[in-house]
Every structure is written in C-alpha cells, then in structure tokens.
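Q: All chains, full assembly: derive it from the sequences and hints.
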Amino acid sequence: MDHEWDFAFLLDQRDFILRGLMATLRLAAACVAAGIVLGLVFASARLSRSAAMRFIGTAYVEFFRNIPVLVQIFWCYFALPILTGMQPDAFVAASVAISLYAGAYLAEIFRSGIQSIEKGQWEAARAIGFGHVALMRWVVLPQAVRHVIPPLTNQVMEIVKTTTVASTIAYGELLYSAKVLSDQEFRPIESYTAVGAFFIVLLTLVSLLSSFLERRLRRHV
Amino acid sequence: MGYEWDFAAVFRHSGLLLEGALGTFRLAGMAILIAIPLGLLVALLRLSRLPVISWLAVIYTDVFRTSPSIVLIYWFFFAFPLLVGVDFDTFTAVSLTLGLQTGAYMAEVFRGGIQSIRPGQWQAAKALGMGPAMTLRYIILPQAVRRMIPVFFTRLTELFKATSLAAVVSYAEVVQMASRVSSETFRPIETYTVVALFFFVVIFLASRLVRYAEHRFAVPE
Amino acid sequence: MSEVLRVENLHKRFGPLHVLRGINLSVKKGETVVILGASGSGKSTLLRCVNFLEMPNEGRITVEGKLVGRATTKPGVMAYSNAELNALRARVGMVFQQFNLFPHMTVEGNVMIGPMKLRGMSADAARTLAHDNLRRVGILEKAREYPARLSGGQQQRVAIARALAMEPSMMLFDEATSALDPELVGEVLLSMRRLAEEGMTMLVVTHELGFAYNVAHRVIFLEGGEVHEQGTPQQVLLNPQRERTRDFLRSHTLFRLPEPGGGL
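Read top to bottom, the protein sequences are chains A, B and C.
So for the first sequence, UniProt numbering puts the first residue at 1; every next one is plus one.
So for the second sequence, UniProt numbering puts the first residue at 1; every next one is plus one.
So for the third sequence, UniProt numbering puts the first residue at 1; every next one is plus one.
Check each hint, because a few of them may be wrong.
[To be verified] Below, a list of computed lysine-lysine pairs in the DSS-like style, where the Cα atoms sit at most 27 Å apart:
1. LYS29/C / LYS126/B
2. LYS66/C / LYS29/C
3. LYS126/B / LYS117/C
4. LYS126/B / LYS28/C
5. LYS66/C / LYS117/C
6. LYS126/B / LYS142/C
7. LYS66/C / LYS126/B
8. LYS28/C / LYS66/C
9. LYS117/C / LYS142/C
[Unchecked claim] Footprint (simulated), chain B over chain A, 3 or more residues, beta carbon under 8 Å:
10. 55-66
11. 149-162
12. 165-171
13. 174-184
The hints are simulated quantities; they were obtained by calculation from the structure and are not laboratory data.
Just so it is clear, the structure is predicted and the values come from calculations on it, not from any experiment.
All residues carry an ideal CB built from backbone N, CA and C; glycine is no exception.
A: Pasting the structure below:
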C-alpha cells in the first residue's frame, strides 16, 4: 500500500533504456514511412476507374484493418518463415506487420481526404483544361492535405503506440526494456509507470504540435 | 516452397480455440459494459461549464488515449495491484484496462455527437420547459446516438481487436489459445491463419449488420 | 381584462453591448401585441427574455400576476431557480424563426413529448391533444410524417402546435416567418391570425407589417433598446409620430396599404 517510489534505477540503466527508445523510434519511423507509401498506393487503387483495382484496394483495407495487429505480427514472425524458409528478425517481422496494418488505415485517410474535395473543384479544373495529373497536383492534393493532416497525425500516434506490440516477439523496444528492467529490479510499478508516462508525454507533445500546425495552415483558407 | 497446408491438425484442437473465442467475447463484452456509461459520463463532464471538471475530463481522455493499450494492461496487471494492495485476475485487469481506455475514446465520440446537435434543439426543449437532463435524454442523445453509430462501431471493432493483447498476460482469449495450439501441433501457419480469419469474419459480418441496421432505422434528415 | 404579462424596467447587456435599456410592457389576456423594429433594436432579445432563454440583467417580469424570481440585495436584480424557470417556460409557448422541430420524432411525437414528459399525460391523452392542435393549424394529415419531409411552412405550423399542446397562457413568436420562402409565409400567418382570433394572448416579433396592421391590437416600435413609439396599428403604422418610426416604415417595401376587409 505505502509504496516507496524509487525511479533511481532508471537513471543507472539509462543506456539500456536509450537503446529501447531508439528501437521504438526506428520501428515507428519505418512503419510510418512504409505505411504512408502503402496507404497512397491503395488509396489510389480504391479511387481508380478500374473495378478490379478498386476491389484490390478495398480487399486490402478490409483485410488488414479487421485483424488484430498482434495476430499479424505473430503471423509474420511464426508462420511466414515456414512458408519462405527464412526467419526474419523481430524488427523485420514487426515492421512488415505494423506497416501493412497502418497502411490500411492510412489508405482510408488519403481516400477520404481526396474525396472530401467538392465536385465543383474538379469540374472547374477540368474546365480550365487541366489533365488528371495536373488537376491532382495543383488543385486537389493541396486542398486534400489540409483535410488529411489531423487524421494523419492521429494515425502516426496510433502507429507509435502500436510499436509496443512488437515486445511480444521480444523486439527490444521501450516496453520490452521496461519488462526486462521490471523483472531484474523487481520494480514493476516504476518501470511500467515510466514507460506509460513516456508515451503520454511524447504523444501529447506530438498532438499539441499538430494542432499548432493545423491552426497555421488554416490561416490561409 | 511447396508447403502442405493441413488445417485438420488445428481443428482437432478446436475445443481450445472455441474456449479462446469465448474468452475474447467475454472480455470485449465486459469492456463495453464499462466503456459506454463511462464514456457518456466523461463526455458530460467535459461539456461541463466548470473549468476544473472539464479539465479533469480532458486529462482522463488524453492519458488513456496516448497510452499504448499493452502498456496499460501491464500497468493494471503488474503495477496497480501492488500499489493498492489488491490482487487482480487477468480478466479483471484486462477488462478494466480496455474498458477505461475505450471509455476515453467513447467520451470523444459522445462529445462529438452531442456537439453536432444544433443549439436550436436545446432552445426548443428549454422553451417547452424541459430541464437539461430531460433534454439530453429525450431530445439530444437520441439524435446524437444515431449520428454516432459509425464511429461508435469503429471503436467497438478497435476494442474487439485490442482484446487480443490480453494474451500478453496469458488470459485465455483466442490468440493465447492459438499459441498453445500452435506449439502443440507445430502448425503456426494454419493456427494463426484461422485466428486471423476469426477476427476478420466477425468484424466483417458485424460491419455489414451495422450498415444494414443504420439503413433500416434511418430517420429522414 | 386581466394582465397576462408585465415587464418592468428590463435591462439586458451582452458584455459592453446594452441591448435592452429599461423596457416596460404589458400584455392583457387575449391581446395580440406586435413588436416592430430594425435588426439590432433588441426585439428578439426582448422576446427571449420574457421566457428566460436569455437572462435579463435587471428588471421584473410578472406572468399571470406572479412575479418571476426573488429580489436580491442589488436593486432591480432578481435571482431565479431553474425549476421556477422551467415551470414558467411550460406556461409560455414559443415559436422560433428556425422551427427547431425534433428531427428524430414524427410530427405527432414532436407535439406529444411536452405534454407526456412535463405534464405527466398518458400517450393516448397526449396523442388526442396533439391531434387537436395539429388540426388547429391545419396539418393533422401529416401527423405520422417526419419533419424533414415537410415544407418550411408546414414545419412552422407543427412548431406552433407543439407550443399550443402545452396549453400556454401566452405565445411568443420570434420572427416565425422570416426563414420561409415567400410563398409559404401566408399559411403560417393565417394560422397565427386564427389563433389571435380565438383569443390567444400573443407577443409577436415580425417584419410582416400587414399582419401587424390586420391582426395586432397594439403595435410597439423598438429602437435602440427602448420603446420608441406604441399605439394601435392605425396610429403607429399609418400615422407615426416619431422620425425613426417613419424611417423604418419607409424602408419596409413589404408594407401594403390595407384593403377593405383586410385579407392577408
């Protein structure tokens, strides 16, 4: 009950923790980058004129979004190697799984961003004589970006949180480090509180930053 | 590669998987029971005119939305019981965690729904002589809830997928049972594929059902 | 005739804006009083203060002989309890510019909700009451429809029925026809006129000078948050004494000279 809080051991272990932090950031960065590429590709597929492409886009989104990321990580880590005959390390397995998962969400964000632009804008651009690419580049995307930034930031934050699931396959990110420290030092309270606090602070900062950017962008509308 | 798929081995252990599926549903059900009333309560606190109360609600939602679910699960399973001197079984710890976290998301859903109702509705009810509680009950919430259904359902699917994380504290939900089956049968591919399909099919069917219900009970607006 | 509403020295400020500057006003039973004034003259605010959708800063409001609120130590400033105000609002019907029907309820549901939840009426009794009032505004045939399927004029008549079902001692109309397409204004004004002729006590904010001329017993012209001029419609509309009233009437092209017999 009267727990004596003692965070001192965290300082002694700062190199270990720093390594965990770097692993978290590395995984998050890889997944955000790959997820955005996947998202753009499959969003275009869903907006394509070809029915087959639209089906592929929809199937991708529905499939990867509706399966828990933990199951996808396990699949990549435990099942895939048997099929390919190669054992990926935890980083590769986790980043493939989380990227595919995040890509499905990001595809929906990009699609609805582009679809949020009124018909009149497309028609006006075509009336001036813009082709499809020029129309996207100069008229639709600049407006869509503004609609996309808030949900995109949210999704990036979700991805950062999702990296913790990689601890289940012993990828040495922050949560895994906390787990190790907690067992080593018999200090679960401090370890898990610290890792929770870290995410709360980090993501709160990200969200503050994004609402600041959003306000600056809105000034020009 | 020529891998020979063999689902028969997995289905010989279908008892375990079914038990796990049941655990998954139990967990999701309990978390929903916590999350919905909590979400409504926090939303109302957030909309309170007293700044202290609405700030508390903001802190609550922000803390739970910026913490990774899995970190919260560890915290409520390993740290919280030590702090307060109670012993949680895994079901209590995980359903409480997911209930509290989903409650934070639900609070934002409720708040958005309530705020989307035009002020004229409040005024008309007030002019009839209704107090705030009655207005909320008969005028505002029935309209807000209808608009919330899609986002609400999104939250439920996220919750349903998040129950898989209970595996990290060895709660007998479907992923935990699957890893047991997988290590007994040496058939991770088939086992995790079955589990992935389980989630996909449940969520996919539920989403069709919700879409149908939305259409069926729509009110012209 | 007894007095239904008395307003004494009413003040309302929005921050630095002094919108109502000591309004005095009295409405007798069965009387229809029309409030005219340019936008920003405070006429809507006055109406909304009468049933406390806006809280007056100062002044006394008496409804059916009962003073609303309790005096405080500050002279002219009153304190009100929520229960008292809700009970008052139930006795004073209000119709808004934007109708504000409840979109998730049918037309009859909109009219029934007040009597059921606030007056403890059974569903059957409330339905009978609702149908009576929908008939009164000539829209009974739409009882089972949802508001979104109705024209603006029809919606506004439902809103009138909704207020009437509370069997109010007086009705407030806040620019009830301003949001309507021109061709739909007539049906709503006709319902309002019938109501006035039935002897309902009414306080009406409107720009429809024809309605004021033909239906009102008294016309009040508001300017700068004060009662600038008042009298019978003939006096105020045909023979205004003050310059601002004349300016206002000149700028209202809608004003047509009354025809004999006075149809709307």
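Q: Work down the list of hints and note, for each, if the structure agrees.
A: Each hint, compared with the structure:
About 24 Å separates the Cα atoms of LYS29/C and LYS126/B, which keeps this hinted pair within 27 Å; it holds. Simply put, LYS66/C and LYS29/C have alpha-carbon atoms about 14 Å apart, close enough for the 27 Å limit, and the pair holds. A C-alpha spacing of about 13 Å is found between LYS126/B and LYS117/C, which places the hinted pair at or below 27 Å, so the restraint holds. About 25 Å separates the Cα atoms of LYS126/B and LYS28/C, which keeps this hinted pair within 27 Å; it holds.
Between LYS66/C and LYS117/C the CA atoms are separated by roughly 24 Å; this keeps the pair inside 27 Å, and the hint holds. With a CA separation close to 25 Å, the supplied pair LYS126/B and LYS142/C stays within the 27 Å bound. Between LYS66/C and LYS126/B the CA atoms are separated by roughly 20 Å; this keeps the pair inside 27 Å, and the hint holds. A C-alpha spacing of about 14 Å is found between LYS28/C and LYS66/C, which places the hinted pair at or below 27 Å, so the restraint holds.
With a CA separation close to 22 Å, the supplied pair LYS117/C and LYS142/C stays within the 27 Å bound. With 3 residues carrying a beta carbon less than 8 Å from a beta carbon of chain B, the stretch 55-66 of chain A meets the three-residue requirement, and the given coverage holds. Only when three residues or more bring their CB closer than 8 Å to a CB of chain B does the claim for the stretch 149-162 of chain A stand; here the count is 3, and the claim holds. Against chain B, the stretch 165-171 of chain A contributes 3 residues with a C-beta closer than 8 Å to a partner C-beta. That satisfies the three-residue criterion, and the hint holds.
Beta-carbon proximity to chain B at under 8 Å applies to 4 residues in the stretch 174-184 of chain A; the threshold of 3 is reached and the given coverage holds.
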